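Protein chains in written order, with full-length UniProt numbering: chain P, 1 to 396; chain V, 1 to 396.
Rather than coming from a laboratory, the hints here were simulated on the basis of the structure. Among the clues, some could well be false.
To be verified - To spell it out: a stretch of chain V is covered by chain P in this simulated footprint if at least three of its residues, at any positions, have a beta carbon under 8 angstroms from a beta carbon of chain P; those stretches are:
hint, segment
1, 41-47
2, 202-216
3, 252-265
4, 311-323
5, 341-353
6, 377-384
Stated by the list, open to error - Taking lysine-lysine and the DSSO-like style, the derived pairs with C-alpha atoms no more than 27 angstroms apart in a straight line are:
hint, chain 1, residue 1, chain 2, residue 2
7, V, K49, P, K49
8, V, K330, P, K49
9, P, K49, V, K392
10, P, K330, P, K392
11, P, K34, V, K49
For clarity, every value in this text was computed on a predicted model and none was experimentally measured. Glycine is no exception: its CB is placed at the ideal position from the N, C-alpha and C atoms.
Take a look at the letters that make up each chain.
2 protein chains.
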Amino acid sequence: MTRLPMKDRFSLPDGMIYLDGNSLGPLPVGTAEKVQDVVQAQWGAHLIKGWNLDGWMAQPARVGNRIARLIGAPEGSVTMGDTLSVKVFQALSAALKMRPDRRVILSDSGNFPSDLYMAEGLIQQLGQGYELRIVAPEDVASAMTDDVAVAMITQVDYRTGRMHDMAQVTAAAHGAGAVMLWDLAHSAGAVPVDVAACNAEFSVGCTYKYLNGGPGAPAFIYARPDIVADIQPALAGWLGHDAPFAFETGYRPAAGIERMRVGTPPVIQMTALEHALGLWDEVDMAELRERSVALGELFIALVEEKCPELVLASPRDANQRGSQVSFASKNGYAVMQALIARDVIGDFRAPDIMRFGFTPLYIDEDDVRGAVDILADILATRSWDRPEYHQKRDVT
Amino acid sequence: MTRLPMKDRFSLPDGMIYLDGNSLGPLPVGTAEKVQDVVQAQWGAHLIKGWNLDGWMAQPARVGNRIARLIGAPEGSVTMGDTLSVKVFQALSAALKMRPDRRVILSDSGNFPSDLYMAEGLIQQLGQGYELRIVAPEDVASAMTDDVAVAMITQVDYRTGRMHDMAQVTAAAHGAGAVMLWDLAHSAGAVPVDVAACNAEFSVGCTYKYLNGGPGAPAFIYARPDIVADIQPALAGWLGHDAPFAFETGYRPAAGIERMRVGTPPVIQMTALEHALGLWDEVDMAELRERSVALGELFIALVEEKCPELVLASPRDANQRGSQVSFASKNGYAVMQALIARDVIGDFRAPDIMRFGFTPLYIDEDDVRGAVDILADILATRSWDRPEYHQKRDVT
Numbered sequence: 001m002t003r004l005p006m007k008d009r010f011s012l013p014d015g016m017i018y019l020d021g022n023s024l025g026p027l028p029v030g031t032a033e034k035v036q037d038v039v040q041a042q043w044g045a046h047l048i049k050g051w052n053l054d055g056w057m058a059q060p061a062r063v064g065n066r067i068a069r070l071i072g073a074p075e076g077s078v079t080m081g082d083t084l085s086v087k088v089f090q091a092l093s094a095a096l097k098m099r100p101d102r103r104v105i106l107s108d109s110g111n112f113p114s115d116l117y118m119a120e121g122l123i124q125q126l127g128q129g130y131e132l133r134i135v136a137p138e139d140v141a142s143a144m145t146d147d148v149a150v151a152m153i154t155q156v157d158y159r160t161g162r163m164h165d166m167a168q169v170t171a172a173a174h175g176a177g178a179v180m181l182w183d184l185a186h187s188a189g190a191v192p193v194d195v196a197a198c199n200a201e202f203s204v205g206c207t208y209k210y211l212n213g214g215p216g217a218p219a220f221i222y223a224r225p226d227i228v229a230d231i232q233p234a235l236a237g238w239l240g241h242d243a244p245f246a247f248e249t250g251y252r253p254a255a256g257i258e259r260m261r262v263g264t265p266p267v268i269q270m271t272a273l274e275h276a277l278g279l280w281d282e283v284d285m286a287e288l289r290e291r292s293v294a295l296g297e298l299f300i301a302l303v304e305e306k307c308p309e310l311v312l313a314s315p316r317d318a319n320q321r322g323s324q325v326s327f328a329s330k331n332g333y334a335v336m337q338a339l340i341a342r343d344v345i346g347d348f349r350a351p352d353i354m355r356f357g358f359t360p361l362y363i364d365e366d367d368v369r370g371a372v373d374i375l376a377d378i379l380a381t382r383s384w385d386r387p388e389y390h391q392k393r394d395v396t
Numbered sequence: 001m002t003r004l005p006m007k008d009r010f011s012l013p014d015g016m017i018y019l020d021g022n023s024l025g026p027l028p029v030g031t032a033e034k035v036q037d038v039v040q041a042q043w044g045a046h047l048i049k050g051w052n053l054d055g056w057m058a059q060p061a062r063v064g065n066r067i068a069r070l071i072g073a074p075e076g077s078v079t080m081g082d083t084l085s086v087k088v089f090q091a092l093s094a095a096l097k098m099r100p101d102r103r104v105i106l107s108d109s110g111n112f113p114s115d116l117y118m119a120e121g122l123i124q125q126l127g128q129g130y131e132l133r134i135v136a137p138e139d140v141a142s143a144m145t146d147d148v149a150v151a152m153i154t155q156v157d158y159r160t161g162r163m164h165d166m167a168q169v170t171a172a173a174h175g176a177g178a179v180m181l182w183d184l185a186h187s188a189g190a191v192p193v194d195v196a197a198c199n200a201e202f203s204v205g206c207t208y209k210y211l212n213g214g215p216g217a218p219a220f221i222y223a224r225p226d227i228v229a230d231i232q233p234a235l236a237g238w239l240g241h242d243a244p245f246a247f248e249t250g251y252r253p254a255a256g257i258e259r260m261r262v263g264t265p266p267v268i269q270m271t272a273l274e275h276a277l278g279l280w281d282e283v284d285m286a287e288l289r290e291r292s293v294a295l296g297e298l299f300i301a302l303v304e305e306k307c308p309e310l311v312l313a314s315p316r317d318a319n320q321r322g323s324q325v326s327f328a329s330k331n332g333y334a335v336m337q338a339l340i341a342r343d344v345i346g347d348f349r350a351p352d353i354m355r356f357g358f359t360p361l362y363i364d365e366d367d368v369r370g371a372v373d374i375l376a377d378i379l380a381t382r383s384w385d386r387p388e389y390h391q392k393r394d395v396t
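Next comes chain P alone, as it looks inside the complex (with noise of 0.2 angstroms):
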């Protein structure tokens, strides 16, 4: 194991403190030659005998192994493709289908809108009666009524950084007879998760965050093993065949996780991902958790001493957040630009949140100090109060 932070593993440009891992993760050294690689060396040289040559067909399962490991998930149960929204899709319509007489699916407001619409464009196309119900984060184990057929929860909030307790969510569910549907973007490489052990039959997440994988790297599916052979894939595609290239006229579907593949794997941006997971053979993860509530707590204590205007967004109680720390301000667009234009990067989120992510693999005491430095000059001085700031654009 490598003691954190591993700066020297990551390209940062000199001078930014980057606390928005949680949107998307830096550059790992190195991906930029293994890409070279994949597109030179593979792609240019070998042409469509990378397939085999270079292990392309196989490269979602053998990088879904390395998710595997990061979310406690055994050997062969995840592969990779497609994005987030589609991964739930997948896993949405296949729950809806393991409880056919239950016509709810239950989420919290705190769930990511892609997830909430993705679910929204399955009812309007089932039809039937189905119905999305949404409840408040803290009401999702009281809300496990029996007409539930699958709680559908993002574990860290994409705002607050709230964090469900999987394990008590997923028994809630299973209790109420609903199926368990967890959406780990904010959780995997950030906090440490066991899907294995909370026995939820879902999980999803993306790979641009805390992983590291590159902006629209690929997504992961994870089911239950003693599930999948059950499963009747929605999106049926060909490379989740059992035999792709028998060229069948008829779908039938791979045996274990692969029939949750869809269509041909973007093998380039699966190759920036797959070497950024091999940072995490050297991540404790129980170490990485440690340091990721100090950095939160010294970040908390620091803004509420210099910063008093600003409101703790996020819950106070280290167990009960993720990875990053939230502080709601009316004039924190604003605000938020401000930092960026300093070097400070982090970002904004509807209507008022301002929002943090603490990834001790690059992220130390020293970067929580000078941003926080730097975010009480701009309030002391009200910076943040010139027209560039308050034009708005859609991302960071």
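Chain P is already provided as a structure; the job is to place chain V on it using the hints.
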């Protein structure tokens, strides 16, 4: 316009005759540099700011407009993302919603299996009596009965190269009141396509074949501008939302084709594709088609002269053929392995098809003659009959 071929624009291995651009196009010169740039200078240096600074968010629309020019679609009517199978699913489910009183998806036995599988998965999910009706390619027009909700046809048969007349088939579909969905996987960049003229509602396609976008390059989807505002997307992802960064709880589709976006786009793959599409500014599609036909005709004549044991599996009439020529042989698999061992790259499609793609961008008459000479030698000497050439692998 640049005269064809333009071999110097591709990084092709010395001595290789690459007749498999219809499976995976070769690496365009300059792609590696563009990919290096997006990884190092954009992701590495700008991190999350790349979404605005480097135009990542607008890339699917920008690249879509390049595709639009190649398929005769108006500006702003094509977007990019996911895989072709996912785009088939989106178009197909939208098409079914347009004919709520009909239950038949019509396709043909020459369609690529993944399209048929996706239809099967969708039907399985919908229930309600939906049916996938598969007829022989030559029977498509006459099978347009008034119970057909959508005709889902791949213009060029992946095995035989048989090419449908898009205008004629679309007219037949519309005559029966059906919605038309074209899969242009083997058409875009291979033959002149005019989706606006044929008036089809939907077209989809992939970009890693004739368009040289690289392994796993994103797919495209076109919807006719007059219908797009009525589409209720089945895959209702946040990047298809009218205001993704407002993070609203409910889904409101974007105004135009952007509603067919789903999740975060694969920026690195998209960059490789965007570069590859630049080549088409220099290509005259009429000249390309003329050269493609000439190459195919020469190949057929030479193979029939020198390899009489092979049976033409493509239409003899060039007007009914895409940009590939296939020959059938019961030893096809082993013969193709022997060809590949001698650096003539085509591929095999079960049960007995050897297919050869002709891409006039980098293939000329000398390549065709060279390939046939080697093929004739392999057959004459029976050098294909070695154990290693019978060993089955998934892909070429």
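Query raised in the report: Where does the structure disagree with the numbered hints, that is, which hint numbers, in rising order?
Result: 4, 6, 7
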